[in-house]
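Enquirer: Take a look at the letters that make up each chain.
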Amino acid sequence: MQVLMDAFGHVFQWHVLLVIVLAAAFGMLVGAIPGLTATMATSLLVPLTFFMDPVPAVATIVTATAMAIFAGDIPGALLRIPGTPSSAAYVDDSYILSRQGRANDALGASLFFSVLGGTIGTIVLVVSAPQLAEIALNFTSFEYFWLVMLGLFCATFVSPGTPTRGLIALFLGLGFAMVGQTNPTGEPRYTFGSIELMAGIQFIPAMIGLFAMSEVMRFYAHPFQNQKPAGVKGPILRQQFGVLRRYPVQALRGSAVGTAIGILPGAGADIAAWISYAVSKRFSRKPKEFGKGSIEGLVEAGSANNASVSASWVPALVFGIPGDSITAIAIGVLYIKGINPGPTIFLTQPDIIYAVFIVFFLALLLMLPLGWITIRAAGLLLAIPPRVLMPIILMCCVTGAYAINNSAAGILIMLCFGVLGFIMAENDIPVAPVILGLVLGPMLEENFVNSMIKANGNFGAFFERPISAALGVFTIAVLLMPIIRLIMRKQRIKSES
Amino acid sequence: MKLNDIALGLLVFLAGLAVFASSWGYSTLPNQSYGANTMPLAVGMLGMVTGLALGVQGVVQRRTIGPVPWAQVQRWLRSPRHVLSLVLLMGLGVAYILVAPVIGFLLAAFLVMLPLMRLGGTTWLNAIIVSALTAVILQLIFGRLLMVPLPRGPLSFGWL
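Quick note, the sequences are listed as chains A and B, same order. Read in numbering that gives the first Met the number 0, the first sequence has 374 at position 375, and its numbers run on one by one without any break. Read in numbering that gives the first Met the number 0, the second sequence has 123 at position 124, and its numbers run on one by one without any break.
Just so you know, the hints here were simulated from the structure itself, not pulled from any lab data. Since we're looking at a predicted model, the values are computed, not measured. Any given hint might turn out to be false.
Cβ-Cβ distance ranges computed for the label pairs, FRET-style [as the list claims (entries may be wrong)]: (1) B:139 to A:198: 46 to 52 Å; (2) A:4 to B:20: 41 to 47 Å; (3) B:76 to A:130: 50 to 56 Å; (4) A:1 to B:23: 53 to 59 Å; (5) B:64 to A:490: 31 to 37 Å; (6) A:79 to B:77: 52 to 58 Å; (7) B:23 to A:484: 53 to 59 Å.
Just so you know, even glycine gets a beta-carbon here, dropped at the ideal spot from N, CA and C.
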């Protein structure tokens with residue numbers, strides 16, 4: 000009880016509440032503007048969180064992300080340009096509904112079911128994380144090794160593009176993670192004589208470059224102009240209780256699938272939305288309406304993406320293994336704050352964890368009024384021309400990258416990673432595995448080397464403990480999945496011909 | 000520029016090979032077979048296998064679909080305006096690093112944003128107002144509120 004009181008004490012301070020409201024407004028703004036993603040919102044906020052206490056720092060990320068994932072639906076519905084990739088699955092449905100004059104129905108459903116999905120995901124997080132942490136306390140380097148591998152391979156194989164391209168991104172991420180002195184012998188690795196690189200590649204400037212700077216570059220290579228959408232008329236939330244009565248199964252199934260995908264290390268809101276949409280279509284009585292203005296698909300996938308946002312914090316907090324690129328960034332922030340995510344955090348700093356849980360509920364509570372205002376103000380928001388916005392984002396990137404160490408090296412790293420992110424996108428290589436590789440690389444190395452030393456070089460030891468063996472088999476199955484799928488596809492083509 | 004699978008595979012294979020080869024330069028823990036060299040060895044192998052797999056995919060694709068150019072030049076690369084925009088963007092980023100310690104954050108930030116706004120077609124007046132306002136707001140947030148020692152210059156006086 001005392002822990003809970005402490006947690007409330009951490010959150011209910013005027014400056015923390017102010018930070019939450021400001022982060023929510025920022026998340027809404029970034030999510031609603033086409034071309035700016037939820038990950039970009041997070042990466043632009045990280046330099047600010049650097050100067051905050053742990054609770055407001057995490058609160059900023061949690062709130063901004065939840066808002067941005069919902070707000071991504073707004074330009075999707077009004078302009079057919081999903082604000083964030085997680086809104087892409089049902090963009091046709093919401094856009095067609097808008098063209099039928101039902102933008103209020105589409106966006107109302109997005110908002111209502113985002114809150115519902117987010118609430119279910121958060122309840123699962125609150126209930127399961129402490130239980131899982133108790134189990135995880137018995138984990139050794141063998142289990143952690145497999146968990147890290149699972150996270151890395153899931154992120155690689157479920158990212159957009161072919162698995163081989165995902166592996167290229169993973170290779171790059173792990174490669175960058177090797178730079179510096181943080182290795183078993185402590186000798187400088189790939190530093191090329193630079194003192195700046197001794198501590199490794201600075202994570203935050205790299206991430207700002209990959210997610211925000213590359214987006215600015217993409218705008219100057221492929222400029223686009225926002226169209227001016229019409230405003231949203233009619234009630235937004237009132238009719239949603241009727242929709243819930245009509246599609247209760249879809250709402251629950253979407254939230255359940257989203258939560259399950261979120262918990263899986265390496266998979267995030269984008270994948271949750273796509274899979275949920277496909278599941279909804281598969282079980283629908285009217286599958287032909289999907290893609291042509293189906294509220295049903297919107298309900299299910301809209302619940303799923305926000306459910307996964309909360310659930311992706313389960314592996315992040317319990318094992319210290321990020322559920323998606325956003326929690327990868329959050330983990331980086333936690334480490335900087337001196338909080339090492341993992342099962343022991345539930346013993347050493349439970350008040351911080353409970354404060355994070357409270358923030359999740361507060362963010363969802365804020366989402367309803369702020370979402371309502373954003374939907375009403377959508378016409379104004381979407382009229383902000385990107386030609387004005389992009390130079391401002393560039394300057395935010397430059398200042399943010401500098402602020403981490405007060406050194407120009409941060410800006411240089413940010414620019415280099417911006418170019419890398421741009422080139423990767425041009426070659427259809429996903430960016431998320433790079434950031435996961437960068438975060439998880441040192442953990443992978445430490446757990447592998449420790450395990451091999453403990454096992455006297457016997458790799459079979461990774462399969463001797465039951466949980467380690469189960470995780471190992473599961474990881475190998477994920478690794479072999481693309482090959483199995485390829486063989487199955489070839490056999491199908493052969494039998495058809 | 001988009002490379003085809005064979006070219007990209009070759010590039011990744013060579014990078015993997017370089018990482019793999021570099022692992023010989025790093026030592027192991029005393030009396031152990033593992034150490035600073037373990038990770039480069041594994042990551043190098045991952046790069047080589049991935050590069051090889053992508054290359055094989057490219058060869059199979061070449062046989063089934065037909066030859067794909069080694070590198071596809073995207074539309075923006077053929078437009079001098081777009082190439083110049085990107086060069087200017089990166090150039091301004093590097094220029095900021097060089098000039099900010101001399102002229103200060105406020106002026107440097109303003110001078111980075113102004114040409115980019117004009118490049119996008121923003122009117123002079125709007126570009127000047129937005130660039131100046133953004134520079135001041137960033138200075139207040141980072142410089143005053145978060146106490147980041149942003150470079151000071153001739154315009155740094157009073158609360159700026």
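Enquirer: State for each hint whether it applies.
Expert: Each hint tested on the structure:
no., hint, in the structure
1, B:139 to A:198: 46 to 52 Å, "30 Å, violated"
2, A:4 to B:20: 41 to 47 Å, "58 Å, violated"
3, B:76 to A:130: 50 to 56 Å, "54 Å, holds"
4, A:1 to B:23: 53 to 59 Å, "56 Å, holds"
5, B:64 to A:490: 31 to 37 Å, "21 Å, violated"
6, A:79 to B:77: 52 to 58 Å, "28 Å, violated"
7, B:23 to A:484: 53 to 59 Å, "37 Å, violated"
Consistency with the previously given hints fails for numbers 1, 2, 5, 6, 7, ordered from lowest to highest.
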